[in-house]
Amino acid sequence: MKKFFAFSFFGFLVAFVYFFSITLSTPRLPNVNLQDGKTIPILIESVDLDGNTINHEALANGPILLNVWASWCIACLVEHPFLTEISANKELTLIGINYKDNLENAKKYLEKNGNPYDLSIFDYQGNYALKLGVTGAPETFLIIDGKIVKHRIGEINEKIWNDEFKNFF
Amino acid sequence: MMSLKIFFSLSILISCLISSEQLYENLSSNQIERLNYLSDNIRCPKCSYGNISSSNAPISKDLKNEIALLIEQGFTNEEIFQKMQDRYGSYILLNSIEDEKMPIYLIPLIALIISIFAVTTYTIKKSK
Chain Z
14 MKKFFAFSFF GFLVAFVYFF SITLSTPRLP NVNLQDGKTI PILIESVDLD
64 GNTINHEALA NGPILLNVWA SWCIACLVEH PFLTEISANK ELTLIGINYK
114 DNLENAKKYL EKNGNPYDLS IFDYQGNYAL KLGVTGAPET FLIIDGKIVK
164 HRIGEINEKI WNDEFKNFF
Chain Y
266 MMSLKIFFSL SILISCLISS EQLYENLSSN QIERLNYLSD NIRCPKCSYG
316 NISSSNAPIS KDLKNEIALL IEQGFTNEEI FQKMQDRYGS YILLNSIEDE
366 KMPIYLIPLI ALIISIFAVT TYTIKKSK
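Sequence order for the protein chains is Z and Y. In this text, residue positions in the first sequence follow my numbering: the first is 14, and each later residue adds one. In this text, residue positions in the second sequence follow my numbering: the first is 266, and each later residue adds one.
Incorrect hints may appear among the rest.
With the C-beta cut set under 10 Å, the calculated list includes, among others, these residues of chain Y facing chain Z [claimed, not checked]:
no.: 1; residue: Asn306
no.: 2; residue: Pro310
no.: 3; residue: Asn330
no.: 4; residue: Glu331
no.: 5; residue: Ala333
no.: 6; residue: Tyr356
no.: 7; residue: Ile372
Here are the simulated EDC-like pairs of lysine to aspartate or glutamate, each with C-alpha atoms no more than 16 Å apart in a straight line [unchecked claim]:
no.: 8; chain 1: Z; residue 1: Lys160; chain 2: Z; residue 2: Glu70
no.: 9; chain 1: Z; residue 1: Lys113; chain 2: Y; residue 2: Asp351
no.: 10; chain 1: Z; residue 1: Lys144; chain 2: Y; residue 2: Asp305
no.: 11; chain 1: Z; residue 1: Lys179; chain 2: Z; residue 2: Asp131
no.: 12; chain 1: Z; residue 1: Lys125; chain 2: Y; residue 2: Glu331
no.: 13; chain 1: Z; residue 1: Lys121; chain 2: Z; residue 2: Asp61
no.: 14; chain 1: Z; residue 1: Lys103; chain 2: Z; residue 2: Asp61
no.: 15; chain 1: Y; residue 1: Lys348; chain 2: Y; residue 2: Glu331
no.: 16; chain 1: Z; residue 1: Lys144; chain 2: Y; residue 2: Asp351
no.: 17; chain 1: Y; residue 1: Lys326; chain 2: Y; residue 2: Glu344
no.: 18; chain 1: Z; residue 1: Lys51; chain 2: Y; residue 2: Asp351
Calculated from the structure, these hints are not laboratory results. Think of the CB as a built atom: it goes at the ideal place given N, C-alpha and C, for glycine as much as any other residue.
Sequences and hints are given; from them, build the entire structure.
Laid out in structure tokens, this is it:
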């Protein structure tokens, strides 16, 4: 019987270490559902950072990388050089959603760090971002012909681009 | 001194009550009760734990405003829960247990049953 207990204890210990190592090695996925496969919500009465009206058609055609950013967001600053690199890709339109930001601060941010975006939607109250399923900044959506094919919560970099986005081109 | 303390405490309390009423002035008291119930049972999508009524994250405030608007537009509680679940998944509902997370709850229970069985068998055999 003592042997049985010794084996049981050893078995539990091995199982514990095994499950613990699996937990540590598994990348942490976001808890909320990603928006992959959904159609983008209709963009109504929106303007860019210069006050020009933006129509829904701007998001509806071709491959578009929609990036949620703000001047107060530190992680956005981290991914900014990579977005600048991506903007050189002529097959892709890079559109920003300036999320819950001060207009002056947003403009200064782009002046200081460069503007990789073809245009930025000024979403001061976060209404469009909320419909889109955004939980904060930064987040990135790859949209092809009006459909979200890839949604990423958090910053993007070269590795994430190659692993998760590149295969759509 | 004591009356001054009471005066300040009452002023703060009254100003809090007035400001919370002003936030959702289009809602009736019954609708505000529904809003509180829904906010207590919808999880903040940006935080690890906690509902949207206890969270200060911007997304929680936005969701609470959206729920207030949906209540005003005549949506039922079930429809609002469904809308939130469609957008963010079942994680958003605080009272739901996803099937894939069932082992988390079942493994300790199974381990307990096995342990009780092993100890009972061992004790009975030893007493014989």
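Hints, one by one, checked against the model:
Taking 10 Å as the C-beta cut-off, the interface hint given for Asn306/Y is violated, the closest approach to chain Z being about 16 Å. Interface hint at Pro310/Y: satisfied, since its Cβ lies 4 Å from the closest Cβ of chain Z, which is below the 10 Å cut-off. Hint status for Asn330/Y: holds, given a least beta-carbon distance of 9 Å to chain Z, under 10 Å. The interface hint given for Glu331/Y is met, as the beta carbon of that residue sits about 6 Å from the closest beta carbon of chain Z, less than 10 Å.
This hint is violated: Ala333/Y has a C-beta 13 Å from the nearest C-beta of chain Z, more than the 10 Å allowed. Annotation: interface hint on Tyr356/Y holds; nearest CB of chain Z at approximately 5 Å, less than 10 Å. Checking Ile372/Y against chain Z by beta carbon gives a least distance of about 9 Å; that is within 10 Å, so the hint holds. Only pairs whose Cα atoms come within 16 Å are accepted, and Lys160/Z paired with Glu70/Z is accepted, the gap being roughly 13 Å.
Under the criterion of a C-alpha separation no larger than 16 Å, the hint pairing Lys113/Z with Asp351/Y is inconsistent with the structure, at around 24 Å. The suggested pairing of Lys144/Z with Asp305/Y is violated, with an alpha-carbon distance near 21 Å, which exceeds 16 Å. Among the hinted pairs, Lys179/Z with Asp131/Z is inconsistent with the structure: their alpha-carbon atoms are about 20 Å apart, more than 16 Å. Taken as a hint, the Lys125/Z and Glu331/Y pair is broken in the structure, with Cα atoms around 35 Å apart against an allowance of 16 Å.
Note on Lys121/Z and Asp61/Z: the hinted pairing holds, with a Cα-Cα distance of about 15 Å set against a maximum of 16 Å. With a C-alpha separation of about 21 Å, the suggested pair Lys103/Z and Asp61/Z falls outside the 16 Å cut-off, and the hint is violated. A C-alpha spacing of about 11 Å is found between Lys348/Y and Glu331/Y, which places the hinted pair at or below 16 Å, so the restraint holds. Between the alpha carbons of Lys144/Z and Asp351/Y the distance comes to roughly 12 Å, so the proposed pair stays at or under 16 Å and holds.
Taking the CA atoms of Lys326/Y and Glu344/Y, the gap is near 20 Å; set against the 16 Å cutoff, the hint is violated. Restraint check for Lys51/Z and Asp351/Y: the C-alpha separation of about 11 Å stays at or below 16 Å, so the hint holds.
Hints 1, 5, 9, 10, 11, 12, 14 and 17 from the list above are not met by this structure, while the remaining hints are.
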